[in-house]
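Enquirer: For reference, the chains in residue letters:
Protein chains: 2
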Amino acid sequence: MRRYIALITILVVVLTSCSAQTNKIKHYFSEASNNDEDFTSKVFDVLNNDKESECTIEFKTGIYNFYPEKAYEKYVKISNNDNGLRKFIFALEGRKNITINGNGATFIFHGSVIPFLVENSTNIKIENINIEYDFPFDLEGVVVANNQKEKTFDLKINKENKYKIKDDILYFSGYDWEIGMGENIVYNAITKSPEYFTSKYEHNFNKHFLKATDLGNNIVRFSNLDAAKVPPVGSIYSDKGPHGKNRNIVGFRVYKSKNLVLNNINVYHSGAMALIAEKTETISLNKFNVILKEGSTRVISATADATHFINCKGKISMDDCRFENMLDDATNVHGTYMICDEVIDASTVALKFGHFQQQGFDFAEKGDTLRFIDRTNLLPVGIGVVKSIDMINENYYKIAFEDKIPDFTKKNIAIENITWMPSLEVKNCSVKQNRARSLLISTSKPVLIENNYFASMMAGIRICGDANYWFESGPVSNVTIRGNTFENLGVGGHSPQAILQIDPIIGKEYRKDGYYHKNIVFENNKIRTFDPLVIYALSVDGLIIRNNTIIQTKKYPQIFNDLSPFDLQNCTNIKIEGNTYKGDNEASISLINCQKLEIDSKQEGFLENTIKNPNKYFYQN
Amino acid sequence: MRRYIALITILVVVLTSCSAQTNKIKHYFSEASNNDEDFTSKVFDVLNNDKESECTIEFKTGIYNFYPEKAYEKYVKISNNDNGLRKFIFALEGRKNITINGNGATFIFHGSVIPFLVENSTNIKIENINIEYDFPFDLEGVVVANNQKEKTFDLKINKENKYKIKDDILYFSGYDWEIGMGENIVYNAITKSPEYFTSKYEHNFNKHFLKATDLGNNIVRFSNLDAAKVPPVGSIYSDKGPHGKNRNIVGFRVYKSKNLVLNNINVYHSGAMALIAEKTETISLNKFNVILKEGSTRVISATADATHFINCKGKISMDDCRFENMLDDATNVHGTYMICDEVIDASTVALKFGHFQQQGFDFAEKGDTLRFIDRTNLLPVGIGVVKSIDMINENYYKIAFEDKIPDFTKKNIAIENITWMPSLEVKNCSVKQNRARSLLISTSKPVLIENNYFASMMAGIRICGDANYWFESGPVSNVTIRGNTFENLGVGGHSPQAILQIDPIIGKEYRKDGYYHKNIVFENNKIRTFDPLVIYALSVDGLIIRNNTIIQTKKYPQIFNDLSPFDLQNCTNIKIEGNTYKGDNEASISLINCQKLEIDSKQEGFLENTIKNPNKYFYQN
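Chains A and B are the protein sequences, given in the same order. For the record, in the first sequence the residue sitting at position 173 is 173 according to the UniProt record's numbering, with numbers rising by one throughout. For the record, in the second sequence the residue sitting at position 477 is 477 according to the UniProt record's numbering, with numbers rising by one throughout.
Just so you know, these hints were derived from the structure itself, not from any lab. Do not take every clue at face value.
[Said to hold, decoys possible] Think about it this way: if two alpha-carbon atoms lie no more than 27 Å apart in a straight line, the pair counts; the simulated DSSO-like pairs of lysine-lysine are:
(1) Lys411(B) to Lys77(A)
(2) Lys352(B) to Lys352(A)
(3) Lys445(B) to Lys51(A)
(4) Lys42(A) to Lys411(B)
(5) Lys256(B) to Lys445(B)
None of the values given here were measured: they were computed from a predicted structure.
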């Protein structure tokens, strides 16, 4: 008995005071006795009682609820999501050596709250946590009837969604939010993957609202559909609200930090990206899973990317992670191109963003090296070191450089920050059942993608770069993709999707000017695919494709059947060898404007000679 | 010639450098040679080249344009308006001794930009400026046809409004913004005042959207009207968008400053309040006019209050100002009640706001004295001095007091800040053609309202105070209203509106507990009114009504004809003498639960005896 009293005394003491006298204070949370109890203030107080402390917060396994009323709040600019006033539960700002260990606890977040904020913090470890929400940030339902002629379908709305209909428009809602319908996708209820050729069912909400009529019993009839086909009976229709308004509640907001470790975390849902890290050095994800909860009848986990890294540095590593059922990529590692709006004087420029969801991004700071590129051919025209930067508004920055900048007054210039580029290692991960790509890679530092499983709806690994649409920089210079399995990607039907898709956006007339990417190795991968296209590569200097096994499947009817498995354009220093193709016909290799070729003409299942058969889908103009 | 060269040299020098060596640097702006030139950066640069400088910025008479692209931006919480990320053209933060003199120049603002920001600044003078916008923030049009049976009306939309119709909903827009329809009012095109009994035409947009059909030639047919009557042909229908989204672009944002002078300024339009000042000490308005531009075909100037002062101190004075055609009050001078959400310990409480548009208000700081009141009877239950305040989110503050607070754990408590209350003087001003009241007064410091002309749609001078609806504090203790003219107010028909309306919101059963307001003198005023009610007073200790002349007009049919001109309830220390009533019948004085009366029974046009005829409209429960 005495032992227990002593233990309780210690617990009470560590919960109410937090001193920095010892290296690491421990705070313990036992499971709430009342399941509805709000732990928001308790967590806030522990973290704020002593902002200098280095501590571990341990939760006993169990369920903890967090509500918005007492949550810490501030205005944040979160690139590639939507900026705004946001509430946060675990808010780490300017902290170091903090560990938050859930010991397998489940955190249920209610309403518009972002679970984790990590800003200007160092050595932060968060682990052993399950993240759930009271109400999902997307609407889901089963199509129980449809009428192709009338262009209507009846949806049995999931019980997890609250909704109302006003003036023929359906609004779905949660604890403290409500949103109209917008971006949508049709999923297959059995495979929990996007329906084959799901693009046919996509409603163009920019043109018309879906008109909603309540039929009772949680069934709503939608008419006014602007899509090629009505969704099939039995499929799942999901809607996350209008673009520009549906990326508010990320799972982890990470900004200007260093050494972040996320271990053994299940993000079952988020109302934007599950993890978005900006300007952060070295991030390690181990068993960081963005997945549906076992037994859930839902089909969407994160309503945007599982992970996303913008102008980070150091090393980003992912090991043994599962990324499933997101409405966007598993990861996207890139920098940002800003547009040069005005040359103010010989060493000063004014910049703006090319995409509205980049506005407010912390583009550069004093001492950073920036690279100027020509927006037409994406090639460098100079560099400069930042002397000062002034964000006058979220879309108008002035940068003064240490030295005179090149005279590019007559050129259309974009600028990227090459001080902030990370290396990347993705190992033993799997990506499936998500809309969009598996990985998007745009970093000049070394990249290793090894022993993963990819089965996303769009491309497997996309290496793009553009200064005219997404404005995501920059070129790669050292990418190795080996020992991975790719299975039946590209089922969405939106446009051809390659297993490895290297497609910087360069106008046809400028492709002769040079090469954007370099040194990409794709080897020892296993590809099972129903559509023929495997690799599309544009503007690469140094591309090795070797010892890959490609097996044609009959899983789905082909969608883009007129493409060569390997389609290379404006590339140089190419080596293709040891690949195997198993399919109905021999595979072709298409080359346009390519040089310095080493192509093994005896590859199993391949035609002996290369062909010239331009891929009409990829940016021909 | 040499003189000119010298002059130009001087001009260039003062425009490009701003040093604090002399007491006041002068910056000159000559009129733009190209009328479309954007002066935003020029103004920004002059103010930011040396943030320590004390300077005068002079404009040559002419037209100057300001655009949003290069405007300074930040997230602001503006009480009684809508919080958000806003752009500002003249941004004064932490400045002192600055004069901005337009010399009669016209500033045309394009899009979502707030003309003036004055924060943490002292001795600021802004004068001789006309403020216009490219596109109005409300939609206006003439009703060219209507159909009472079908509940439709056809509106010829003003040429100044851009609009589109999508899915039967009309959206109007400006340079960089777009909004759907919402709060609306019908104006008379000839008088440019709200239509008589305009409440009949008010569309309840919360229930239904107005369905819009384009008939061509800028004429739109609206159906689905949820109002008692369709707007009359020839009237002006105005709509400013939905509540909670239509108070973004104030004219002047003034915050935590001292000694502000605004002279000879015409605010022809603003997309929220024309002037909103919070926590500011001493403000002087002279010829600060919120009016329509001469010759304009429009009916709305500011889309909310002309001026509004929250928890200011020192003296607010207005002289020779015109406030016309606003969609809300000419002024509202008040404090803020926060609700006690939780008693955390003997000296700490958690607070929240009662009205969503107060959220984020800078309620108190260390050293301020706060008064606790009982929300049922509005009476004080104690005071406390702030030791610290922590805004955890915009609707959850924690305040620690220097001493123990009274035990009010069982009471429903609100808290007001009595350190920040201003005195007020309004002289020689006129208010007309606006929706809502002329003046709203809630301050305990001396108030003098003298020699003004009031002809607003609702009450003339309202002295309210409540801790359950608007949450605007506090009681008055010294108000003199004399020598003013009031003319045919209360035409809107929403509810009875008194010339002097003292109506703190206190439940009937709690009115016996005490008196909320005190010491109000209403004397030597001239009232011309078509409806009988002149003064309604509840819960006043010390009310003098003397030597006023009331003339019944036939301008409109009576709306609330069953009320006594003087209707006093739960008041004490009352003196009524020397008043004159000229009308069809003798005027009555109604008294309920009133004490300590001195009533002259020989007042001209009044019944000899008082009556007891409860006003059923004012908060009887």
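Enquirer: With reference to the structure, classify each hint as holding or not holding.
Expert: Checked hints:
Taking the CA atoms of Lys411(B) and Lys77(A), the gap is about 41 Å. The hint is violated against a cut of 27 Å. For the proposed pair Lys352(B) and Lys352(A), the alpha carbon gap of about 39 Å is over 27 Å, so the pair is violated. Distance restraint check for Lys445(B) and Lys51(A): the Cα-Cα separation of roughly 41 Å exceeds the 27 Å cut-off, and the hinted pair is therefore not satisfied. About 25 Å separates the Cα atoms of Lys42(A) and Lys411(B), which keeps this hinted pair within 27 Å; it holds.
Note on Lys256(B) and Lys445(B): the hinted pairing holds, with a Cα-Cα distance of about 19 Å set against a maximum of 27 Å.
Of the numbered hints given earlier, the model fails hints 1, 2, 3; all others are met.
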